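Going down the list, the protein sequences come from chains A and B.
For the first sequence, my numbering gives the first residue as 1, with consecutive numbering after it.
For the second sequence, my numbering gives the first residue as 1, with consecutive numbering after it.
One or more hints might be untrue.
Here are some chain B residues the structure puts well away from chain A; computed CB gaps all over 12 Å [to be verified]:
id	residue
1	L10
2	D72
3	G98
4	G125
5	G152
6	F232
Which stretches of chain A does chain B cover? Using the computed rule of at least three CB atoms under 8 Å from a CB of chain B, they are [said to hold, decoys possible]:
id	stretch
7	19 to 32
8	194 to 202
In case anyone wonders, no lab produced these hints; they're calculated from the structure.
Since the model is a prediction, treat every value here as computed from it, not as a measurement.
Ideal Cβ positions, reconstructed from N, Cα and C, are used throughout, including at glycine.
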Amino acid sequence: MSFLQPILLIGLPLALLPIIIHLINQHRHRTVQWAAMMFLLDAKKLTKGIARLRQILILSLRVLAVLFLLFAASRPLAGGWLALTGGKPDTVLILLDRSASMEQQILETGESKRSAATRKLSDLLEKTAGNSNLVLIDSATLEPTPISDPGALTELPQVAATATASNIPALLQRAVDYLETDESGRTDIWLASDLRQSDWETGSGKWQSLRSDLSTRETVRMFLLNYAGIQSENFSISVSNVKRRRSPEGMQLVMDLRISRQSAGDGDVQLPVEFTINGTRTVQEMTLTGPEMVRLGHVISLGQSDLNGWGRIDLPADGNPADNTAFLVFDEEPVRKTVIVSDDTVTAEAIAAAAGAAVESGVTYVVEIVPLDQLTRIPWEETALLFWHAPLPEEDSPLSALLRQHAEAGRTLVFLPPPDGIASDESATSLFGFQWNHWKESENQPLPIEWWRTESGLLANTQSGEPLPVGDLSFFRTRGFSGEFQPLLRSESDAALFAKITSETPGTVYALGTLPRTDHSSLAMEGIVFFIMIHRALEEGANAVATARFREAGPDALPASGIAYTLIDSAGDTASFSGQGFLPSALRVERSSGKDHLIAINRPVTEDDTRLVAPEALDALLEGVDFRQISDELDSGSSLAAEVWRAFLVAMALALLAEAILCLPPRTEQEEATPGFPKPQKTSAP
Amino acid sequence: MAESIQRDFLDSAVLGRLMGLPLNSRHPMLGSISGRHRSPVKGSALEFAQYRKYVPGDDTRRLDWRTWGRTDRYYIKEFEADTNLRQCFIVDTSGSMGYEAAGTTRLDYARSIAGTLAYLTVHGGDAAGLYAGAKSDDGSVFQQELPPKRGGIHLGVLLDQIAQLKAGGETALIHAIHAAAEKIPQRAMIVIVSDLLFNLDPLQEAFDHLRFRKHDVVLFHVLDREEIDFTFDRPTRFLDLEGGPSLLADPSLIQRKYREAVTAYLAQVDRIVNHSVIDYHRAFLDEPYEQVLARFLMGRNPKTARSVR
């Protein structure tokens, strides 16, 4: 418990006054000559137990009354949680979820969950932190920021609004790393979050090590400031698949629009959606009939001169301003170039056939097969999708660096199992934390498929919700792999056949555990799935080679340092653009050679997912960790550190009242009023 | 030269006022001389009692010759006999009688009662004696013992002995009562003055002993209101007047139980005196002894007894 006037606690020994007075009274007794000792001895014997208990109770209540008075004068601070927190910690770590969903606010006050959390934490730390070392780690930068003045917490740029997604396991990992390097003593970790499933990544493998790290630290306590409630009606908009095309009517911009509603209401809503393309503003009324409206291929006519440009789509102000704007950029469609590194002609040609087939009109699809001995021929800058059907290069080899660079640039990389005849020790080589295992062949029956990921990834259902015919595929010869990955396709024996490698690079890295050969699988024969897989992978990589690129808000959204760019428009205040890619915006990257690039930064679509971490799941995630959850609401108006001196005054009054009741003289009956005069029966005269 | 003994427990004004109230016994007395108290034997007073047949040895002077003339039989004519009263005081002189309240000890109060009654008795032509008792170191029961006698000289001796009574030692009232019951040969009025602050269980038997001897028993129970109400308000060390261990107590804690004990005690006293048909008078130290004696004397007078009740 903390006190605003702790100096007054010096007076705590005063609580012993009632006991001292009692003892003095005992010693200041008077002495009388007494005859009726028999009654005294009887009374003393009868009242020995109860009277002593009553006396102890009275003394205790008097001591408590003085204690409560002293506590009240010391102005104690407490909340539902604070009463349990004990003394001051050496370090207080504030972990702030700055994701777009934390911008939900009450329309009346305009205060968001993020700002409420920072304000309340600032208020709390100002009152209670004392000499504790205060450090802020926000989910957008993951950088520890020392705080010298807790009162100024709300003014720091590190607590400003963003349209990013949060990675809570990474945030906690950063906190653990800080604790290790800083060798903090007793530490309180305050994590403010809205418990979105997408941010907490409950399926992440990092939780296990986090749990073990946090639970072994006995000096660390965690407080989860939980803002899970949805305060007011909110609509969010996102845009994808933005393409410019020529049509008989002229130049057109085609895009997929998705508007979601996050509230209990389900009636029809008319929304005035504002489109701004190259500065030209138009408003279209759109009707939302359910919780979500998806408009595929929404067309906006462009002027003849609008060969490239930018645009923004805005929704009216609602419960969350961070998801009301989506930016778009457009330009000439890039060439979809696929490079296949393989010496296996059958495999390479099967891939080339699928990757070279045109999907969209007006887009050029190019495939190049590069033998292993001619790797220098790979056009790294133009390649959107690279198939690596070759042994993994050594970790620190130049080839390995080039593959890394490819993924870092946002392009897609697919590893295929190396052909036979490779030395056995080759399997030990790993890249992106992944390595190949041994080949496995099914003897008679093809390897049955157990599961594939349908909600996202290359095997996801179609936009109409239809699943791909993955179940029709047959696998005869597969090669397992190990490392950290997210499986997309699994066999019955629970082995991953196809997976997205956790590479932590902008570009996606996949591993396919078989080959599109008839003796390995039916991928080439049942070509639909394979075709869709390849073109989805190609689309992912194409963004990196396009001159109009879409990026998710985050620390890597802006061009690398040294590359000049100009801000075209931003969802926030353009004048005070922070220079970080945390807010939806449109940028122009000027290039000395070649065409300028356009970049649209938007919030990750995962931020529109309103699913929360269930309480049981949360308990499971933090099992063994000393943590307390404080559920707060935006409109609660309560403070994390409330002064509770009134409660102590009430407690003192109650203690005095109880003491007075115990001190009351016993109720005397009428007959007892003059006990000296019971009337004896008169003896009768003879 | 003998030291003069103060008799300040006697108040001539009180004596003068109480002199007009006769002291009557509730039971017939066996006195040695003629008096104004009823006797169980027939005598030669004026009031006719009965006839009875002459038996050899009867005084022939008491033959009723008129009856012989009418019936030719010898009858003795008997008359009620009036005799004098023997009054014996048993005064408790245990340590608890030294209890003092408002400048007066319980023994002073007992002196006043016993001395005044003795004076009235002797002046009424009756005899008075004293048995004062407490357990002493030598084992004797009586501190003072003076058989009842008549006359002014005896009264002087009696009053001197009353004046010389001292409170001390444990109570021995029960033994004193039994001893007195054995020592007093004839019917008498036994006046007991005590605080009865001891175990009351054997008291019933002692009273029954007196009643068996046909004595008219009067009990003056002298108490202080503080002993009943127990109105102390701060921790007090109580020193036992009879030499027992002292006791430190917080009155506020034990007051209730103390009063309950007192109530039970007084109820037991009432039960005993009612059972043994004892003339019981409870006196408080702050109550004038004259008032107590007047109540006692008026209760003895058939004409005024009703108003006292």
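Here is what the structure says about each hint:
1. L10: Per Cβ check, L10 of chain B is outside 12 Å of chain A; nearest 25 Å; holds.
2. D72: For D72 of chain B, whose nearest Cβ neighbour in chain A is about 40 Å away, the distance exceeds 12 Å, so it holds.
3. G98: Check fails; 8 Å does not lie beyond 12 Å.
4. G125: Per Cβ check, G125 of chain B is outside 12 Å of chain A; nearest 22 Å; holds.
5. G152: Nearest chain A Cβ is 31 Å from G152 of chain B, so the label holds.
6. F232: violated, 8 Å
7. 19 to 32: holds (count 7)
8. 194 to 202: violated (count 0)
Of the numbered hints listed earlier, those contradicted by the structure are 3, 6, 8.
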